[in-house]
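Chains as they are written, first to last, in the numbering used here: chain A, 1 to 59; chain B, 60 to 680.
Be careful, since some hints might not be right.
[What the hints assert, rightly or not] Derived list of chain B stretches under chain A, where covered just means 3 residues or more per stretch with a C-beta under 8 Å from a C-beta of chain A:
id : segment
1  : 79-90
2  : 270-282
3  : 339-347
4  : 376-388
[As the list claims (entries may be wrong)] Simulated restraints on C-beta separations:
id : chain 1 : residue 1 : chain 2 : residue 2 : range
5  : A       : 25        : B       : 673       : 32 to 40 Å
6  : A       : 7         : B       : 217       : 42 to 50 Å
7  : B       : 611       : A       : 30        : 44 to 52 Å
8  : A       : 35        : B       : 459       : 49 to 57 Å
[What the hints assert, rightly or not] Partial chain B-side listing against chain A, Cβ under 10 Å, derived:
id : residue
9  : 103
10 : 104
11 : 147
12 : 148
13 : 151
14 : 152
15 : 224
16 : 423
17 : 425
18 : 426
19 : 431
20 : 607
Hint data in this document are derived by calculation from the structure and do not stem from the laboratory. A virtual CB, placed ideally from N, CA and C, is assigned to each residue, including glycine.
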Amino acid sequence: MFGIEGTSVALAYGLCLASAALCLIYGAVNFNRGGDEAPKREEVAWRQSEKEVEKPFEP
Amino acid sequence: MSEQDATLIIITVIYLLACAWIGFYAYTKTKTTADYLVAGRRAHPVVMALSYGATFISTSAIVGFGGAAANFGMGLLWLTFFNIFVGIFVAFVFFGKRTRRMGHNLDAHTFPEFLGRRYQSKFIQFFSALVIFLFMPVYASAVLRGAGTFIVKTFHMDQAMTLATALQMAMLIYTVLVALYVIAGGLKGVMWTDALQGGIMLAGMVILILYSYGRLGGVVAGHEALSRLPADLEANAAQAVENYNQKTGEQLTLASVTDMGLAAAALRDKLKPMSEEARKKYLAENPKEDQLLQKFGAIAATDPKGVASMAVVARLQRGGWRGWTDMPAFNTPFWCFMVTTVILGVGIGVLAQPQLVVRFMTVKSNRELNRAVPTGGIFILMMTGVAFVVGALSNVYFFQHGGEIAMVRAGGDSDLVIPTFITSALPSWFVALFALTLLSAAMSTQSSQFHTIGTALGRDIYEQTILGGERRGTTVLITRFGIVLGIAVTLGLAVKLPGSIIPAATALFFGLCASSFLPMYFGGLYFRWITKAGAIAGMCVGFFVSMFWLFCVQMVNARFAALLLPFLNHPNPSLILQGTWRFLDALVIAFPLAVVATVVVSLITRKMPEDHLHKCFHGVR
Numbered sequence: 001m002f003g004i005e006g007t008s009v010a011l012a013y014g015l016c017l018a019s020a021a022l023c024l025i026y027g028a029v030n031f032n033r034g035g036d037e038a039p040k041r042e043e044v045a046w047r048q049s050e051k052e053v054e055k056p057f058e059p
Numbered sequence: 060m061s062e063q064d065a066t067l068i069i070i071t072v073i074y075l076l077a078c079a080w081i082g083f084y085a086y087t088k089t090k091t092t093a094d095y096l097v098a099g100r101r102a103h104p105v106v107m108a109l110s111y112g113a114t115f116i117s118t119s120a121i122v123g124f125g126g127a128a129a130n131f132g133m134g135l136l137w138l139t140f141f142n143i144f145v146g147i148f149v150a151f152v153f154f155g156k157r158t159r160r161m162g163h164n165l166d167a168h169t170f171p172e173f174l175g176r177r178y179q180s181k182f183i184q185f186f187s188a189l190v191i192f193l194f195m196p197v198y199a200s201a202v203l204r205g206a207g208t209f210i211v212k213t214f215h216m217d218q219a220m221t222l223a224t225a226l227q228m229a230m231l232i233y234t235v236l237v238a239l240y241v242i243a244g245g246l247k248g249v250m251w252t253d254a255l256q257g258g259i260m261l262a263g264m265v266i267l268i269l270y271s272y273g274r275l276g277g278v279v280a281g282h283e284a285l286s287r288l289p290a291d292l293e294a295n296a297a298q299a300v301e302n303y304n305q306k307t308g309e310q311l312t313l314a315s316v317t318d319m320g321l322a323a324a325a326l327r328d329k330l331k332p333m334s335e336e337a338r339k340k341y342l343a344e345n346p347k348e349d350q351l352l353q354k355f356g357a358i359a360a361t362d363p364k365g366v367a368s369m370a371v372v373a374r375l376q377r378g379g380w381r382g383w384t385d386m387p388a389f390n391t392p393f394w395c396f397m398v399t400t401v402i403l404g405v406g407i408g409v410l411a412q413p414q415l416v417v418r419f420m421t422v423k424s425n426r427e428l429n430r431a432v433p434t435g436g437i438f439i440l441m442m443t444g445v446a447f448v449v450g451a452l453s454n455v456y457f458f459q460h461g462g463e464i465a466m467v468r469a470g471g472d473s474d475l476v477i478p479t480f481i482t483s484a485l486p487s488w489f490v491a492l493f494a495l496t497l498l499s500a501a502m503s504t505q506s507s508q509f510h511t512i513g514t515a516l517g518r519d520i521y522e523q524t525i526l527g528g529e530r531r532g533t534t535v536l537i538t539r540f541g542i543v544l545g546i547a548v549t550l551g552l553a554v555k556l557p558g559s560i561i562p563a564a565t566a567l568f569f570g571l572c573a574s575s576f577l578p579m580y581f582g583g584l585y586f587r588w589i590t591k592a593g594a595i596a597g598m599c600v601g602f603f604v605s606m607f608w609l610f611c612v613q614m615v616n617a618r619f620a621a622l623l624l625p626f627l628n629h630p631n632p633s634l635i636l637q638g639t640w641r642f643l644d645a646l647v648i649a650f651p652l653a654v655v656a657t658v659v660v661s662l663i664t665r666k667m668p669e670d671h672l673h674k675c676f677h678g679v680r
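So that you can see chain A by itself, here it is in the shape it has in the complex (with noise of 0.2 Å):
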């Protein structure tokens, strides 16, 4: 395979090629994926109080 003599090396080869186009359909598959990351609980709580805060006035 490849014109590589031992069977190993020629494996090596192939594995090289298809590791980097696993990276290339990973990145591809994923590349919007991630991205909405939950805020942390602090955040969160701060947000709420926040809200709280800027609630208009009901008598």
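Position chain B relative to chain A; hints supplied.
Chain B only, in chain A's frame:
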């Protein structure tokens, strides 16, 4: 001054100015501790991936390991596979995402701080920082020495002064240049310059592989010629012996000449360290050995390059080598060194490299890591993959253009194989570009090493352990001081170290990190039941078993021992045990023992507090 030299100087000046500008810009954008230590946790995915790759790949991977591939052959591509699959894919997807999130949760700024806070242990932070501070300079000094030698040769500095002075001056100038943007710009300066340097490296290596395959008639034709090369060399050497027999009337066989060549090579190695007078005296006292050298010299004279090449190949074959496109024979010294030290040591050791792990904490979310994976994978393929293929194929080129193999053309110094191939086989304009590629590779690795050594000393050892916590506004100053001290240690070591230690020093540090840090790092990311005592036990077992194996067990003629000997007074510290298994890398022994220690001690000791574990694993998935 030749046109090539002028081009090189102009592009080097432009490049250095660009690095200086980036360093200054990073300086203006560095306001907080997080800016200086983890690039503000807002790095772009491409910058992060190029920085990770360029830090990972030094001149040692291209010139040192590429030159080693001229001997070992394309079997080293297993290392490239590990580099891409483990070093990029597994590292980013299975380690990076968790490290990033947990690092944010724990507000960790360095790898030792990450480990220390994960296990609530100042000792872990201190000890791991100490291991980094003591051993990373060995790796850094090997990179520095490689860069110094390269600068001396490229800019012909040895023509104006002695080689030793030129080397010291080159290392000093280069260190000052790198230090400026590391100290000023922190990790932002390091990563942004890394991205520029990574881009240059990528361009250089793409051109190199295209030209190399082109010069040998294509991918398959080049590989086939390399597979045939041992037989071609043997045919040439047999012809040389035949010519000698016809000339002298003797009846020598190729096998007897090969044995003679091996004996002559061993004798030359023995005589090498002697002075001219001592050598003459020794040969006068041992006339048989003198005759051996003369006779082999006479045979070699019929075809000096061919016979010298055959002698190198015969020597390789004695160690278990079976060709440039085949793996060495199982369980031979060659196999053990190649598989355990180079492929496993470096291939797996990458997962626990402090200067790489910290990169995961520089990005905002997992999306950035997902986007960084393709750049990282292609980058590594084009670095070590190209270097190993070109290193091995250079044998074919030199055989076709002079009837010798690469090691003979390079005068027996594997570090010179790639540079010799570039100047012989590629166009002159590329020589300048490749010089810049190597300079970029060295500087990108070096800058991160200086930054990591400095943060280990300044942040982890001094501030967090000795001072007992952060003092407002002083972290950056203390880290800068740590970097200066780390640089001084590295420079001192680089002056003292012997040559040709680049691959060994790289493998040593990678293996040591894997044995000492990987069990608790992986355990900390995935398992809640690993305890503080278990982590400490694993780290200590990994470190001390590695040390024992390196200093007390491994063979004296190995590269490791050659590396460590200057620091020992014992004349022969490692000839305690005999047998092929001595050639196994420390990682193979120390890592499993460290894993066992981590697991066993964790099972019998007190669990970590639940609220702490909840904080660590918050949002980790």
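Do the hints match the structure? See the list:
1. Figure legend: the segment 79-90 of chain B, annotated as covered by chain A; annotation inconsistent (0 residues with Cβ-Cβ distances under 8 Å, at least 3 required).
2. Judged by the Cβ-Cβ criterion of 8 Å, the segment 270-282 of chain B is covered by chain A as claimed, because 5 of its residues qualify and three suffice.
3. Figure legend: the segment 339-347 of chain B, annotated as covered by chain A; annotation inconsistent (0 residues with Cβ-Cβ distances under 8 Å, at least 3 required).
4. A count of 5 residues in the segment 376-388 of chain B with a Cβ less than 8 Å from any Cβ of chain A is obtained; the coverage claim is therefore met, three being the minimum.
5. Between residue 25 of chain A and residue 673 of chain B the CB atoms are about 35 Å apart, so this pair conforms to the stated range of 32 to 40 Å.
6. Range check, residue 7 of chain A to residue 217 of chain B: about 45 Å between beta-carbon atoms, so the 42 to 50 Å window is met.
7. Checked against the given bound of 44 to 52 Å, the beta carbons of residue 611 of chain B and residue 30 of chain A, roughly 47 Å apart, stay inside it.
8. In this structure the supplied range 49 to 57 Å holds for residue 35 of chain A paired with residue 459 of chain B, their Cβ-Cβ distance being about 53 Å.
9. Contact between residue 103 of chain B and chain A, as hinted, is not supported at the beta carbon level, the nearest pair being about 13 Å apart and thus beyond 10 Å.
10. Using the Cβ-Cβ criterion of 10 Å, the hint placing residue 104 of chain B at the interface with chain A is satisfied: the shortest such distance is roughly 9 Å.
11. For residue 147 of chain B, the shortest C-beta to C-beta distance to chain A is roughly 6 Å, which falls under 10 Å, so the interface hint holds.
12. For residue 148 of chain B, the suggested interface contact is upheld, since its CB lies about 6 Å from the closest CB of chain A, less than 10 Å.
13. Using the Cβ-Cβ criterion of 10 Å, the hint placing residue 151 of chain B at the interface with chain A is satisfied: the shortest such distance is roughly 9 Å.
14. Because the beta carbon of residue 152 of chain B sits about 7 Å from the nearest beta carbon in chain A, less than 10 Å, this interface hint is met.
15. A cut of 10 Å between beta carbons decides the hint on residue 224 of chain B: the least distance to chain A is about 42 Å, and the hint is violated.
16. At its closest, the beta carbon of residue 423 of chain B sits 8 Å from a beta carbon of chain A; the interface hint therefore holds under the 10 Å criterion.
17. Interface hint at residue 425 of chain B: satisfied, since its Cβ lies 3 Å from the closest Cβ of chain A, which is below the 10 Å cut-off.
18. At its closest, the beta carbon of residue 426 of chain B sits 3 Å from a beta carbon of chain A; the interface hint therefore holds under the 10 Å criterion.
19. The restraint placing residue 431 of chain B at the interface with chain A holds, with a minimum CB-CB distance near 8 Å, inside the 10 Å limit.
20. This hint is violated: residue 607 of chain B has a C-beta 32 Å from the nearest C-beta of chain A, more than the 10 Å allowed.
Violation of the numbered hints given earlier is confined to hints 1, 3, 9, 15, 20; the remaining hints are satisfied by the structure.
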